[in-house]
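Asks: Residues per chain, in single letters:
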Amino acid sequence: MNMLDTTTIEKPTLSVDLTANPYERDFPLLASNPQLAFLDSAATAQRPACVLDAQRDFYERLNSNPLRGLYQLSVEATEAIEQVRVRIASFIGASDPAEIVFTRNASESLNLMARSYGESFLHAGDEVCISIMEHHSNLIPWQQACARTGARLVYLRPDDQGIISPEEIASKIGPATRIVSVMQVSNVLGVENPVASIARRAHEVGALLVVDGAQSAPHLRIDVGALGCDAFAFSAHKLFGPMGIGVLWARREILEKMPPMLTGGEMIDWVTETDAGWAPIPQKFEAGTQDAAGIAGLGAAVDYIEGIGHEALAARESALVAELAQRLGELPYIRIIGPADPRRHIGVVSFNVCGVHPHDVASILDAQDVAIRAGHHCAQPLLTWMGIESCCRASVALYNDRADIDQLIAGLDTVQRMFNGS
Amino acid sequence: MGLNEIYTAALMEHNNHPDYKYALDGATCTHEGVNPSCGDDITLALRLDGDTIEEAAFTGHGCAVSQASADIMADLITDRSTEEARALCDLFLAMIRGEVTGEAALAPLGEAAQLKSISRMPARVKCAELGWRTCMQMLDEQLRVVS
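Read top to bottom, the protein sequences are chains A and B.
Quick note, the first sequence lines up with residues 1 to 422 if you use the working numbering.
Quick note, the second sequence lines up with residues 1 to 147 if you use the working numbering.
I should point out that these hints are in silico values taken from the structure, not numbers from a laboratory.
Please note: incorrect hints may appear among the correct ones.
Claimed, not checked - Partial chain B-side listing against chain A, Cβ under 8 Å, derived:
| hint | residue |
| --- | --- |
| 1 | Leu3 |
| 2 | Tyr7 |
| 3 | Cys29 |
| 4 | Cys38 |
| 5 | Arg47 |
| 6 | His61 |
| 7 | Gly62 |
| 8 | Ala64 |
For each residue, glycine too, the CB sits at the ideal point set by N, CA and C.
Using the sequences and the hints, build the whole thing.
Replies: Here it is in C-alpha cells:
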C-alpha cells in the first residue's frame, strides 16, 4: 500500500501555455538550432546567454587570482566570488555563506562528504544508509567509505511506484546508522523522495543526513532548513550554470570538524617544514585556484532562475513533464519506468519501447533531431534491482515546449514502425 | 546520416532472427565482454578443433547494432583458424575506427563490411565493436595458451 500524501502532488498545471515559448531565445544553442528537441536537461541543461556573458565578463573585466593579490583587481575578483557565495546561500535557504563550499560538481561534493566526514567518523559496525535509486555519485563514495572503515552499507528500497515508505525508513535507519545520504529527486524514476521524513528519522537515531540535490535544485525551491538536512550537494551545470562548478553546503559544525580532502594553496593558515594548519571554512576545502569565471556564471544562472521566479519555473516544468508522461503513457508500446501518476515525475520520465533496445531508440530519435538519454543513467544497482538492463529517459527544462514533445512522440512512432512494423 | 544506412534490412534481420545466438554445448572457451557505458554484455563461446573454430555462438543482450554485428561475426569466423579470425577482428575494428576504408581491403569481412558507416556514428562505435572486441580478447588468450 502506498502511503501517498496527496497534498504534495498538487502542482499548478492549468495556467501554462506550452505552445508559447518565451525562454528558448535566451539560450543561444537552442535559438540557433530550432529543429532540435533537446530532452536531456537532466544530464546537463543548456546555458542562457547571461551565464556565458558572466563567464566572459569575469575574464575581460576582473581576471586576476582571487584571494592572492593585494591589488585592486584581485580584491574585485575575490569579491565577485564571495558575492556568489552569499547568493548561493540565500538560494538554498542557508543563513551562513561560510557554509557554502565551491567544488567541481555534485560528485565532488558528495565525495568530500564521504571521504572527509565518512572516513573520519565511521567505524566498524556503523551503518550508512542510502537508497537503491542513488546515482553512482552518491553510491560509490559511500561504498568506498564503508570498505575503508568496516561500516555497512544499507539500502532504502522504494515500492513499485518509486515511493520509499515510512515503514522502510523506520526499519532501515536505526541505532547503528551514522550517516544517511539520499537523492532528493531520482534521475531515473523522477520521484521526489520524502527527505523531511528521512531527516526526522535520521536525527532521531543521531545520524547525519546528506542530500544529493543534483536533480532537485534545478526544479524545486530548495530550503535546507525546511528539508532538515545536514549537508546538500548540487551541480551548477544542471541549473543553467557552467560545467565544472558544484556546491556543497553543510552545517558549520560539520564542516569545521571535517579534515580537508585536497591540500595546497590558499587553504592554509600556516605552514612549517613539518606541519600545517588549515584556513577557516570554506577556504579549508578550496585548495588551489578556483574556477572563478565558472562561479560568476553560477551566480548569473541563479539570477536567471530568480528573475523568472521559482513559481513560474515550477509551473512550466510541471506542466511539461506531466504532458510528457501523459503522452508517453498513451502509447501502447511504451512502458513507463517510475510512477504511473504523471504528476509524480519531476523533470524526467524514463521509459522503454517494447522490444527495442534504448540505444537503438536514441539513435533513431537522434536522426530526427530529438536528443534523449539512453543507458543505465549511472544507476546500475537501481536498474538491476528493477530487473532491467537499461532504459530511455526524456527530461525537460523551462525552454522546452509542446513542439518538442510532439517531435519525440513522432520519433517514437518511427522507432515502432522500424522495429515492430506497426 | 540516413537511418537506412545503419538500420538496413540485413541488420534488422540479424537482430530479429540471429542464427548464432544460443548457448553453445561443449564450448572449448567462452569470454564475456561488457560495454561499461551502456551496461550491455555479451558472452561469446567457441568450440575449437585444434586451431579451427568449428562452432561460434553468443548470448547476452544489447542493441540491434551490437547483436547483429555479433551474429555476422559468428558466421564469418566459423570454420576459420584462430589466426584468421584474429586478423578479421583486427580488420573490422580498423574499419570501425575509420582507418581502413577501401572496398578491396574490406572484402575479407564479407557482410560485416556493410557496417562501415558506423564509423561515422561515434555514439554507436562501441556497440558495433562489442562482439569483435570480445572475440579478439578471447583469441589472444587462446593464442597465448597455445604458444
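Asks: Name the hints, by number, that the structure is in violation of.
Replies: 3 and 5
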